[in-house]
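Colleague: Taken in order, these protein sequences are the chains called E and V. For our numbering, add 7 to where a residue sits in the first sequence, where the first one is 1. For our numbering, add 7 to where a residue sits in the second sequence, where the first one is 1.
There may be inaccurate statements among the hints.
Heads up, the list lumps identical chains together, so a pair's fine if it works in one copy or across two of them.
To be verified - Pairs of lysine-lysine, DSS-like flavour, derived with a Cα cap of 25 Å:
| hint | residue 1 | residue 2 |
| --- | --- | --- |
| 1 | Lys-202 | Lys-358 |
| 2 | Lys-148 | Lys-20 |
| 3 | Lys-11 | Lys-43 |
| 4 | Lys-127 | Lys-389 |
| 5 | Lys-91 | Lys-341 |
| 6 | Lys-17 | Lys-127 |
| 7 | Lys-91 | Lys-358 |
| 8 | Lys-17 | Lys-148 |
| 9 | Lys-20 | Lys-271 |
| 10 | Lys-43 | Lys-271 |
| 11 | Lys-271 | Lys-11 |
| 12 | Lys-262 | Lys-325 |
| 13 | Lys-195 | Lys-20 |
FYI, nobody ran anything at the bench for these hints, they're computed from the structure. Just so we're clear, the structure is a prediction, and the values are computed from it rather than from any experiment.
Protein chains: 2
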Amino acid sequence: MNIKTNSNFKNIKETYLFSEIASRVRRYQEENPGAKLIRLGIGDVTLPLPAVAVEAMVRAANEMGRQETFRGYPPESGHEFLKKAIADHYTADIRLSEIFISDGAKSDIGNLVDILGNNKIIIPDPVYPVYVDSNLMSGNKISYISGSSENGFLPMPDQIREDGAAVIYLCSPNNPTGAAYDRAQLTKWVEYALKTGSLIIYDSAYEAFITGDLPHSIYEIEGARECAIEVCSFSKFAGFTGTRCGWTIVPEDLKADDGTSLNKMWFRRQATKFNGVSYPVQCAAEAVLSGEGIRQCMRNIAYYQENADMIAAVLDEKGIYYTGGKDSPYIWLKCPGGMDSWTFFDHLLGKAQIVGTPGEGFGEAGEGYFRLTAFGTHENTKEACSRLRELL
Amino acid sequence: MNIKTNSNFKNIKETYLFSEIASRVRRYQEENPGAKLIRLGIGDVTLPLPAVAVEAMVRAANEMGRQETFRGYPPESGHEFLKKAIADHYTADIRLSEIFISDGAKSDIGNLVDILGNNKIIIPDPVYPVYVDSNLMSGNKISYISGSSENGFLPMPDQIREDGAAVIYLCSPNNPTGAAYDRAQLTKWVEYALKTGSLIIYDSAYEAFITGDLPHSIYEIEGARECAIEVCSFSKFAGFTGTRCGWTIVPEDLKADDGTSLNKMWFRRQATKFNGVSYPVQCAAEAVLSGEGIRQCMRNIAYYQENADMIAAVLDEKGIYYTGGKDSPYIWLKCPGGMDSWTFFDHLLGKAQIVGTPGEGFGEAGEGYFRLTAFGTHENTKEACSRLRELL
Chain E
8 MNIKTNSNFK NIKETYLFSE IASRVRRYQE ENPGAKLIRL GIGDVTLPLP AVAVEAMVRA
68 ANEMGRQETF RGYPPESGHE FLKKAIADHY TADIRLSEIF ISDGAKSDIG NLVDILGNNK
128 IIIPDPVYPV YVDSNLMSGN KISYISGSSE NGFLPMPDQI REDGAAVIYL CSPNNPTGAA
188 YDRAQLTKWV EYALKTGSLI IYDSAYEAFI TGDLPHSIYE IEGARECAIE VCSFSKFAGF
248 TGTRCGWTIV PEDLKADDGT SLNKMWFRRQ ATKFNGVSYP VQCAAEAVLS GEGIRQCMRN
308 IAYYQENADM IAAVLDEKGI YYTGGKDSPY IWLKCPGGMD SWTFFDHLLG KAQIVGTPGE
368 GFGEAGEGYF RLTAFGTHEN TKEACSRLRE LL
Chain V
8 MNIKTNSNFK NIKETYLFSE IASRVRRYQE ENPGAKLIRL GIGDVTLPLP AVAVEAMVRA
68 ANEMGRQETF RGYPPESGHE FLKKAIADHY TADIRLSEIF ISDGAKSDIG NLVDILGNNK
128 IIIPDPVYPV YVDSNLMSGN KISYISGSSE NGFLPMPDQI REDGAAVIYL CSPNNPTGAA
188 YDRAQLTKWV EYALKTGSLI IYDSAYEAFI TGDLPHSIYE IEGARECAIE VCSFSKFAGF
248 TGTRCGWTIV PEDLKADDGT SLNKMWFRRQ ATKFNGVSYP VQCAAEAVLS GEGIRQCMRN
308 IAYYQENADM IAAVLDEKGI YYTGGKDSPY IWLKCPGGMD SWTFFDHLLG KAQIVGTPGE
368 GFGEAGEGYF RLTAFGTHEN TKEACSRLRE LL
């Protein structure tokens with residue numbers, strides 16, 4: 008064919024992280040057929056859907072099978088019943104017209120570039136790869152601000168070297184570091200954005216893991232309505248990774264200098280390139296936001312949190328630096344003895360039969376760090392912790 | 008904010024079609040409170056989901072609620088069981104790696120611009136607005152090729168005035184005209200695309216309505232694997248407008264001149280900006296492709312087709328020119344007496360209390376035409392036909 012393809016795709020790095028992990032694990036298993044591996048690299052939930060979600064989905068599926076209750080095309084931005092449940096879930100005031108239901112946070116984070124022009128992009132490192140790749144696909148230039156033990160893997164605005172307005176991606180609690188901004192830190196980010204005319208794209212997909220007094224939403228910070236879009240998800244809160252539902256808040260106060268409303272642009276983008284979320288899925292999402300739904304979800308989160316506590320306790324005992332573990336299902340630790348990420352991967356696999364994720368796979372600033380996750384079973388996590396205790 | 012937004016959004020026309028219809032209908036009802044309106048403008052299915060789909064969705068929802076059968080993140084391009092069912096549904100040979108499951112045809116049609124560069128775009132007029140708007144949002148220049156009574160609302164390559172490669176959108180059976188290309192016509196399109204190095208984006212969302220000997224897929228035409236992407240949907244075939252599932256075929260033979268594989272690009276796009284379709288929805292989609300599923304779906308389509316037959320019979324009797332009605336749920340008729348689209352809309356509403364859709368809303372070439380749809384009940388359609396018989 009003689010047509011032009013999007014040449015920006017050539018700038019996206021192939022990621023070998025998970026295939027490289029798989030191939031090292033396979034080789035180890037072939038050489039050590041008796042080894043009992045424990046996987047602490049899982050980035051996906053493992054507990055089943057809360058009962059309220061299943062019941063709501065079954066009820067809705069049956070409604071779809073009867074003439075009187077059948078539903079056709081949903082509104083592109085979501086059914087009102089779910090928008091109401093989400094608005095009620097926020098402590099900040101969010102209007103229904105500012106809520107856009109989608110099939111997941113990843114889609115929205117990836118698609119938001121559609122309504123933006125060619126801006127400077129600021130992304131923390133290490134980072135969830137979608138921020139980077141979706142911007143590379145659009146030909147945008149990215150500047151990174153590094154996490155480190157000095158800033159607790161919570162990069163701050165004073166690290167930005169460029170002047171002027173930018174689109175800034177923040178994720179708190181963070182994937183992969185588990186670090187979460189407190190109110191004072193997020194306030195600094197909002198102040199910086201307002202001062203420079205920047206837009207923050209705030210990924211709060213892990214907010215349900217927050218136990219301390221940290222903001223669950225950027226809209227808890229004054230001024231955020233004029234400078235921030237928030238993307239959130241049912242995936243980690245309610246175990247919806249395979250059920251698929253998320254939402255994005257685009258405040259009506261978000262205006263470009265020429266008066267363009269980002270809310271109206273996102274509405275138009277979604278109405279043109281999206282056709283709404285499955286009715287049974289939206290019903291399940293509504294159900295998990297009920298009182299009983301939240302109780303069931305929080306039981307699952309507490310289960311994962313116990314795993315995180317167990318792992319964190321070992322690292323505390325051994326005096327190993329880490330972020331996360333609290334307010335997050337991720338534990339991000341400094342590889343002991345100055346090992347690099349992949350050396351520690353092999354060390355942990357060979358000596359303790361534990362599979363984790365090398366931090367280097369999430370960006371340059373992840374080199375020398377390692378991610379463990381709390382999504383395993385209590386039994387496996389306990390066993391992994393006793394192996395870690397011996398090894399470290 | 009001082010950031011740049013996508014200025015191409017300024018080139019998209021606001022569409023007032025459906026809001027204008029709603030306001031004219033509301034006014035009529037206020038002035039004529041006793042009038043019994045019949046809506047033949049519905050573009051959405053109305054019959055409930057086939058039983059197999061409901062059963063599969065209920066089964067899958069229950070699986071999601073049990074530890075042993077819970078499913079997390081689906082593969083971004085779809086579960087293999089559904090890809091297999093789709094591949095088996097094609098008469099042409101389609102590899103599983105060429106099938107990408109999504110939440111619907113609209114998403115894929117809209118998102119395909121992401122992998123393309125700045126090409127000439129050829130779009131038939133009248134047309135489904137997503138082809139136009141998604142290209143305007145990307146800043147692409149569109150040339151239209153007009154449908155008319157001369158070409159039976161099936162524009163052909165000899166109408167193209169530009170030289171060289173282009174991205175060409177085709178929809179057959181067409182929305183809104185109901186016209187469908189035959190094998191000879193589609194062969195001409197494929198030959199044209201191969202000769203000029205063009206890419207065809209082929210929307211076959213209405214293929215299940217084909218009753219005659221017409222191609223259901225562009226891959227029934229030799230050479231299409233080297234020049235065509237096909238987007239299809241469960242929405243009209245299985246009544247999935249509110250359940251949300253579709254798919255796109257990107258053949259591995261589709262290569263740009265520099266060797267770039269469009270299949271690999273679309274895989275990367277979806278893996279970056281999409282996270283797969285809900286497991287219960289994919290199970291429902293698999294179920295409708297079973298032998299019993301297809302029987303249940305085709306019963307619903309036969310029901311709609313009877314409506315289309317009734318409407319077409321009236322137009323035949325009255326000697327009114329139309330396309331569609333056969334092989335499509337849409338009937339696209341020439342407004343009688345040289346009326347323009349909106350005059351006929353008011354005429355039909357005022358004299359027969361029937362609501363349809365003015366053709367002008369689908370593009371300039373739609374002026375003087377009118378769309379009726381077959382998605383109503385038999386009872387209402389029959390009543391509408393007897394009113395039409397009196398009026399026309």
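Colleague: For Lys-17 vs Lys-127, is the C-alpha pair at or below 25 Å within one copy, between two copies, both, or neither?
Modeller: Intra 20 Å, inter 22 Å, cutoff 25 Å: intra and inter.
Colleague: Is it within a copy, between copies, both, or neither that the alpha carbon of Lys-148 lies no farther than 25 Å from that of Lys-20?
Modeller: within (14 Å within a copy, 30 Å between copies)
Colleague: With 25 Å as the alpha-carbon cut-off, assign the pair Lys-11 and Lys-43 to within, between, both or neither.
Modeller: neither (50 Å within a copy, 53 Å between copies)
Colleague: Since the copies are identical, ignore which copy is meant and state whether Lys-262 and Lys-325 lie within 25 Å (CA to CA) inside a copy, between copies, both or neither.
Modeller: Answer is neither; intra-copy 50 Å and inter-copy 55 Å both fail.
Colleague: Are the CA atoms of Lys-202 and Lys-358 at most 25 Å apart within a copy, between copies, both, or neither?
Modeller: neither (51 Å within a copy, 61 Å between copies)
Colleague: Given identical chains, is Lys-91 near Lys-341, meaning Cα to Cα at most 25 Å, within a copy, between copies, both, or neither?
Modeller: Answer is neither; intra-copy 43 Å and inter-copy 44 Å both fail.
Colleague: Give the relationship of Lys-91 and Lys-358 under a CA distance limit of 25 Å: within one copy only, between copies only, both, or neither.
Modeller: neither (51 Å within a copy, 41 Å between copies)
Colleague: Within, between, both or neither: how does the pair Lys-195, Lys-20 come out at a Cα-Cα threshold of 25 Å?
Modeller: neither (32 Å within a copy, 40 Å between copies)
Colleague: From the Cα coordinates, with 25 Å as the cut-off, is the pair Lys-20 and Lys-271 best called within, between, both, or neither?
Modeller: Answer is between; shortest inter-copy Cα gap is 13 Å, intra-copy 33 Å.
Colleague: Evaluate Lys-17 and Lys-148 at a C-alpha cut-off of 25 Å and name the case that applies: within, between, both or neither.
Modeller: both (14 Å within a copy, 24 Å between copies)
Colleague: For Lys-271 vs Lys-11, is the C-alpha pair at or below 25 Å within one copy, between two copies, both, or neither?
Modeller: between (30 Å within a copy, 15 Å between copies)
Colleague: 25 Å Cα cut-off: does Lys-43 pair with Lys-271 within a copy, between copies, both or neither?
Modeller: Answer is neither; intra-copy 54 Å and inter-copy 36 Å both fail.
Hint violations for this structure: numbers 1, 3, 4, 5, 7, 10, 12, 13, all remaining hints satisfied.
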